[in-house]
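K.L.:
Each chain, written out:
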Amino acid sequence: MTTGGLILTGWDWEPSVLIGCGVLVFLYWRLVRPRRRREFALFIAGDLVLLLALVSPIDSLADEYLFSVHMVQHLLLVLAVPPLLIAGLSREFVEGLLRGPRLARIEQVCARPLLAWVAAGAGFVFWHTPLFYNAALAHEGVHIVEHLTFLITATMYWWPLLHPMEESRLSVGKAVVYLFSASMLNTVLGIWITFAPLGSYPAYIQPKDTLGALSLIRDAWGISARTDQQLGGLLMWVPAGLVYFSAIVAIVARWQSEAEFCEVIEPQTGERNGR
Amino acid sequence: MRQVTSALESHSPLQHGILHVTIVTLVIMFLIMVLVFVLLVAASLRYRQGRRPGEPDQNFGNTKLELAWTALPLLLLVCLFILTVIAMRESDPPVASASGADPPPDIVAVGHQFWWEFRYPAEGFVTANEMHIPAGRRLLLRIEGFDVIHDFWVPVLGRKMDAIPGQPNEMFFEASEPGEYGGTCAEFCGAEHAWMRILVIAQAENDFQLWIRQQQSLPPAPSEPEAERGAQIFRTTSCGVCHAVNGVSSGRLGPDLTHVASRQTLAAGRLVNNPVNLEAWIADPDKYKPGSFMPNAALSEPDLSALVRYLETLR
Amino acid sequence: MSEVRVALPTIRKLEEIGKRTGIFGWVSSVDHKQVGILYILTALGWFCIGGIEAALMRTQLIVPENRFLEPYTYNEIFTMHGTTMIFLVIVPVLLGFSVYMVPLMIGARDVAFPRLNAFGYWIYSFGALLLYFSFFAHDAPAAGWFAYTPLSEKPYSNLQGMDFWAICLVIIGIGTTATALNIIATVATLRVKGMSIRHLPLFVWMTLVNSFVILGAMPALNAACIMLLVDRQLYGHFFNANGGGSPVFYQHVFWNFGHPEVYLMIIPAWGMISELIPVFSRKVIYGYAVVATSTVAIALLSFSVWAHHMFAVGLGHTLDSIFAAASMLIAVPTGVKIFNWIATMWGGSIRFTTSMWFAIGFLLMFTIGGLSGVTFAVVPIDWQVTDTYYVVAHFHYVLFGGTALAVLAGAYYWFPKITGRMLSEPLGKWHFWLTLLGFNLTFMVQHSLGILGMPRRVYTYPNIPEWNELNLISTIGTYILGISVLIFLWNIIYSARRGKIAGNDPWDGWTLEWATTSPPPVHNFDDVPPVKSARPLWDLKHPEDPDWLRKSKKARAKKGR
Amino acid sequence: MALNLFSNKSKILMSAFVGSDAVFFAFLITSFVFYHGSSKGRPNPWRDLDPATTGMYSVALWASSGTMWLSEQALRRKNPRRVRRWLELTFVLGALFILGQCLEFKGLFSKSIYPRTDLFATTFFTTTGFHGLHVLIGLVMLLILRGLIAGGFGREDYQIEGYEAAAYYWHFVDIVWVAIFFILYIWGTR
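As given, the protein sequences belong to chains A, B, C and D, one line each in that order.
Everything in the first sequence is counted per the numbering used here, starting at 1 for the first residue and increasing by one.
Everything in the second sequence is counted per the numbering used here, starting at 276 for the first residue and increasing by one.
Everything in the third sequence is counted per the numbering used here, starting at 591 for the first residue and increasing by one.
Everything in the fourth sequence is counted per the numbering used here, starting at 1152 for the first residue and increasing by one.
Okay, chain A solo, but in the shape it has when bound (with noise of 0.2 angstroms):
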């Protein structure tokens, strides 16, 4: 097999994911109605990320052969996709949403940052620790659930900071906190993971190879398992710490550039004290 071959036939059209998706798209275009072509773009590329991590290649690639692609995906589902999404939501939606006193109380406590951090941070953890990971390569259940767990702690943690109402977002400094104490998470568990022994994560070592993509992957791009599961801890470990550290910057580029108002009074012409 080349890697062409595997680009065209490694697609797993899952009907629960196409269907997933589907849907997420029907509910936006009819609930959210999508005026402004930024948000609904953004949203587009977030369901289509969410695709990708889903059918494609990736999804092959990481359930059997390569554990520094399942981080990929992983990756994808938690620091991707929920920004998008949510960054496609607009401020008119969850304005009349939140006017619902019920979905207020639960955007209320879900968004909670402390919460949210932790739900985020101990469903990441937990779901690497080598015993809940192989258990949800072993059975698809178990994946799916892996899966949305992600999905849905990721999109609390973003909420605090993507907030379609900017008045509801997290204030500066909260933020930068909130961002460099998840990233250090991250980092730790990349760390652990890039130096934990080789068998942790057992299915990749002798992969089952139903898509004879193995000597592909062993012989033609030279990945042994010890490199893979390397790279895969330190995927988690440097670019995924690099996002969270761009969305601090970006968060305190846009704090500095606004500029902040004044009030227009005379500038008193306060005696200095020359002596």
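FYI, nobody ran anything at the bench for these hints, they're computed from the structure.
Where hints are given, some of them may not hold.
Unchecked claim - Covered stretches of chain A (chain C as the covering partner; in silico rule of three or more C-beta atoms under 8 angstroms from a C-beta of chain C):
| id | segment |
| --- | --- |
| 1 | 76–82 |
| 2 | 238–248 |
As the list claims (entries may be wrong) - Here are the simulated distance ranges between beta carbons:
| id | chain 1 | residue 1 | chain 2 | residue 2 | range |
| --- | --- | --- | --- | --- | --- |
| 3 | B | P570 | C | P745 | 17 to 23 angstroms |
| 4 | C | E1059 | B | I298 | 54 to 60 angstroms |
| 5 | A | C110 | C | N832 | 51 to 57 angstroms |
| 6 | B | V316 | C | T649 | 32 to 38 angstroms |
| 7 | D | I1337 | A | C110 | 26 to 32 angstroms |
| 8 | C | N832 | B | L414 | 25 to 31 angstroms |
| 9 | D | N1195 | C | P745 | 36 to 42 angstroms |
As the list claims (entries may be wrong) - Within a straight-line C-alpha distance of at most 20 angstroms, the following computed EDC-like cross-link-like pairs (lysine to aspartate or glutamate) qualify:
| id | chain 1 | residue 1 | chain 2 | residue 2 |
| --- | --- | --- | --- | --- |
| 10 | C | K1131 | C | D1116 |
| 11 | C | K744 | C | D729 |
| 12 | B | K562 | C | E660 |
| 13 | C | K1144 | A | E258 |
| 14 | C | K1143 | B | D332 |
| 15 | A | K208 | A | D12 |
| 16 | C | K1144 | B | D332 |
| 17 | D | K1262 | D | D1201 |
| 18 | B | K562 | B | E576 |
| 19 | C | K783 | C | D1116 |
| 20 | A | K208 | A | D219 |
| 21 | A | K174 | A | E107 |
| 22 | C | K1143 | C | D1117 |
| 23 | A | K208 | A | E140 |
| 24 | C | K1131 | B | E330 |
| 25 | C | K1131 | C | D1117 |
| 26 | A | K208 | A | D63 |
| 27 | C | K1143 | A | E258 |
| 28 | B | K339 | A | E258 |
| 29 | D | K1262 | D | D1199 |
| 30 | B | K562 | C | D1117 |
| 31 | C | K1131 | B | D332 |
| 32 | C | K1144 | C | E1134 |
| 33 | D | K1229 | D | D1308 |
| 34 | C | K1144 | C | D1116 |
| 35 | D | K1229 | D | E1312 |
In this text, all values refer to a predicted model and were calculated from it rather than measured experimentally.
Using N, Cα and C, we set each Cβ at its ideal position, and we do this for glycine too.
Here the structure of chain A is known, so what remains is to put chains B, C and D in place on it, guided by the hints.
P.N.:
Using the frame of chain A, we list chains B, C and D on its own:
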């Protein structure tokens, strides 16, 4: 003894990629430097005080311009990164194939305070500070640290690699044509770090095989009485505790001396190997390499010259 | 945001302390200005000692196979040179300027915790003396400033030098951390009314960011030193390969400190440059938001690039390339700064004072240092030139060409404020040109030496013709550099007594420190001018075109849209 | 204002310090995790630890966080008697923990397990020892607070804030012990 030690020369296919990416990078960096310099000088000349009256226009910035000089370097660095990854693969190909087969090393280089031990496991002999390799053949080199961290570095033949106790490293090693290439320990390792030089002698395949056979053989037993007496001294004093001479002693703490007289240098590049220097070195190692672990054996003048006579027979 | 008005009794107490003179006055002082001066002068003293060590090293290397210094002595000297310059000179001198200037620039009476401030200085001083005491104990540390294990472990460094080193670094680290905490608390609580975080002068902003870097980085150094001490004193096995430990683990922990350290030695220097280039160009800083934000980006990235010091360790291509990518990224916000500074000069009306000359020198030299830094992120180049003189050249371009020139620029800029007298400009020009000449002679050729295969930290080298010439040039450069330092010292001594009286605002500056007397009174300000932007004094001097008015207009335009 | 997460300078100082100190412990714990399993010499060196006994003393430490919190509440309510009582109880609980650690170390020493014994012991003693040092410093701090309270400290608002800032440290030490206990004694001995 003229050795080429410049990283801007290449005598190995493994160094080609490094050299290429080095030159490309240095040129790019130089151009950016020139750009900055020109801008700075232009700003300094054009906007000297006094060319216009009053305070100049207060320009608070231009987001588009600033984004441009953020994005352009980023783009440039992405290209540089791709070049980097290509050059890494080219100049340091993976040692073990990804499916897991791990070939045995051809040569094991062990860094000691303050000399290099070179083992040829397949051929079954050990030498020091001077590594012979067949030109044009790619060898697998394993690098180990005996005591502290050293670093094996022969610039014209490719990358450097640390010699770490408890964590052996492996890399490929090759010289494209016969010649003598200088190198050195590049990680600070103690008092005599400066004198821990490496000499790599790349030979045509035939010469290399000859050298192998010579190294494998036992040195001839000393025939003249003076040398014989020297051998006696070697055995009776403490030389053999640290130094091995095949068939005579088996010390491993110092360089193997089985064929010491056939080497070009003494004390890891400190002195040219000739009888006079050898005698001076043994008489007072501290004079030449203070801090090395070679003790002063305090031999009498005649004993010393007998010992040197004996060592000169170890070819 | 609150302006904490210091109660009257406290002011009286401060005045009283300010009247104390002589040694007792200085020792017992908790005034941030006196502590700042102590910091700066102490660092200057250690700079001279570190400089003498540098001169000794270069003298040893002037010809091949020189016998001027014993090898072990040479190793002690280069270890102490590195340790001194980093921990006893650069970090403290930057802290000194920070504790002196930050309260003045934010319109505060003092730092938030004046006694903690003095404690920070004295503990640093004590640690520094203890470190040098190792010379009297006949064994200075000799394992290099990053003290790689196992060389720094008991079996290979069996005298007390490394113990001195590890203990003193922890002690000095305590002082550094205390001062960083103090600066954070000061900036957070003591800003004058009107000075929002977005109106901080860039020097204060960068000092603030830097303090967070210090808090993140110092614990790693402490951990490394503690583990080393446990190994040495309690015969632990952290880095002992025979006991299952890993010498490379030390490198990870150490560089986790070491790389942020590189940035915490330059960030406040950038702050100084960001203050004085605008003033001498008579133009507001170009892109305040970008300069400020890029500092945050650098601070964050500095924690994720440490493994680029370890490319020769054999960590594998995966790790190497990921860290190479991160290391390249850090060049982007750094480059942005350079362009923004040049853009600040562009269109200005530049006054070429000595201070500005040093700032321009900084821009040139730091650009070289930054660009040679990028070459280390290109892993194959690093495989060749790491641990050679190329590295030595690179970090001297960053630390001397960068930080030291910026600090000198800052010294010429703020000397009038601190002493009330100007530094001599003619002497200053001599100082600048000799520094630039000596510095480049010394270190430019070291790039070539490294590429030509000369490893660093060698007490001597074999007789290789190219090396000989370059080493000779380098040594001559060092002597010229030494002369320039002597001129500077003379300039300080002379000008502090006989220099031209400066007045309150000799440079027509824009930040609050120029609104008080030179030197400032103990309580700093009788009355702080109103603050509505990052340049309160510009607003005051240009009532027709104040910064805040422009910004308000912009904000209103945006709101109205 | 963004950076004024905490309005008081002492609290800012202490939270920043505690954040920095957490990094230090992160390195010590990392060393334990990193070297867990690569220790040479004794097989299963962790069998000498006794999570149950240490757990009991740990409960004392964690409880002391609660009593400290109660003393803070009492201070807010201007009830110096209760402040003193809860503070003293905090001290006793903290001292109990230190006593437990001393007994634990003594027991290990009597089995001739020292930091030099093997890598596991090195990382174990370093991590727990440095935590113990922090608790000791905390005890000294509690004594100082007790002395200050006796001298009438705590009436002014800024004094209450200062008291609470000091309490941050004590809570921090307890939280670190949660991490250490679960990683060293539970995960590390499984």
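K.L.:
Next, verify each hint and record whether it holds.
P.N.:
Against the structure, the hints come out as follows:
1. 76–82: n = 0 at 8 angstroms, threshold three: violated.
2. 238–248: The restraint on the segment 238–248 of chain A holds, since 6 of its residues have a Cβ under 8 angstroms from chain C and three suffice.
3. B:P570 x C:P745: 17 to 23 angstroms: holds (18 angstroms)
4. C:E1059 x B:I298: 54 to 60 angstroms: This hint is violated: roughly 23 angstroms between Cβ atoms.
5. A:C110 x C:N832: 51 to 57 angstroms: Since C110 of chain A and N832 of chain C have Cβ atoms about 53 angstroms apart, the given range 51 to 57 angstroms holds.
6. B:V316 x C:T649: 32 to 38 angstroms: holds (35 angstroms)
7. D:I1337 x A:C110: 26 to 32 angstroms: Between I1337 of chain D and C110 of chain A, where Cβ atoms are some 30 angstroms apart, the hint holds.
8. C:N832 x B:L414: 25 to 31 angstroms: Since N832 of chain C and L414 of chain B have Cβ atoms about 29 angstroms apart, the given range 25 to 31 angstroms holds.
9. D:N1195 x C:P745: 36 to 42 angstroms: violated (28 angstroms)
10. C:K1131 x C:D1116: holds (19 angstroms)
11. C:K744 x C:D729: Roughly 14 angstroms separates the two Cα atoms, so the pair holds.
12. B:K562 x C:E660: holds (11 angstroms)
13. C:K1144 x A:E258: Judged against 20 angstroms, a Cα distance of about 9 angstroms means the pair holds.
14. C:K1143 x B:D332: Holds, because 17 angstroms separates the two Cα atoms, which is no more than 20 angstroms.
15. A:K208 x A:D12: Given pair K208 of chain A, D12 of chain A holds - Cα atoms ~17 angstroms apart, limit 20 angstroms.
16. C:K1144 x B:D332: holds (17 angstroms)
17. D:K1262 x D:D1201: Holds - the C-alpha atoms of D1201 of chain D and K1262 of chain D are around 13 angstroms apart, at most 20 angstroms.
18. B:K562 x B:E576: holds (17 angstroms)
19. C:K783 x C:D1116: Within the cut-off at roughly 15 angstroms; holds.
20. A:K208 x A:D219: Satisfied, since the Cα-Cα distance of roughly 17 angstroms is no more than 20 angstroms.
21. A:K174 x A:E107: Satisfied, since the Cα-Cα distance of roughly 19 angstroms is no more than 20 angstroms.
22. C:K1143 x C:D1117: violated (28 angstroms)
23. A:K208 x A:E140: holds (15 angstroms)
24. C:K1131 x B:E330: Status holds; Cα separation ~11 angstroms.
25. C:K1131 x C:D1117: Holds: K1131 of chain C and D1117 of chain C sit about 16 angstroms apart, inside 20 angstroms.
26. A:K208 x A:D63: holds (10 angstroms)
27. C:K1143 x A:E258: Answer holds: K1143 of chain C to E258 of chain A is near 12 angstroms, not above 20 angstroms.
28. B:K339 x A:E258: holds (15 angstroms)
29. D:K1262 x D:D1199: Judged against 20 angstroms, a Cα distance of about 9 angstroms means the pair holds.
30. B:K562 x C:D1117: Violated: K562 of chain B and D1117 of chain C sit about 71 angstroms apart, past 20 angstroms.
31. C:K1131 x B:D332: holds (15 angstroms)
32. C:K1144 x C:E1134: holds (16 angstroms)
33. D:K1229 x D:D1308: holds (11 angstroms)
34. C:K1144 x C:D1116: Answer violated: K1144 of chain C to D1116 of chain C is near 33 angstroms, above 20 angstroms.
35. D:K1229 x D:E1312: holds (13 angstroms)
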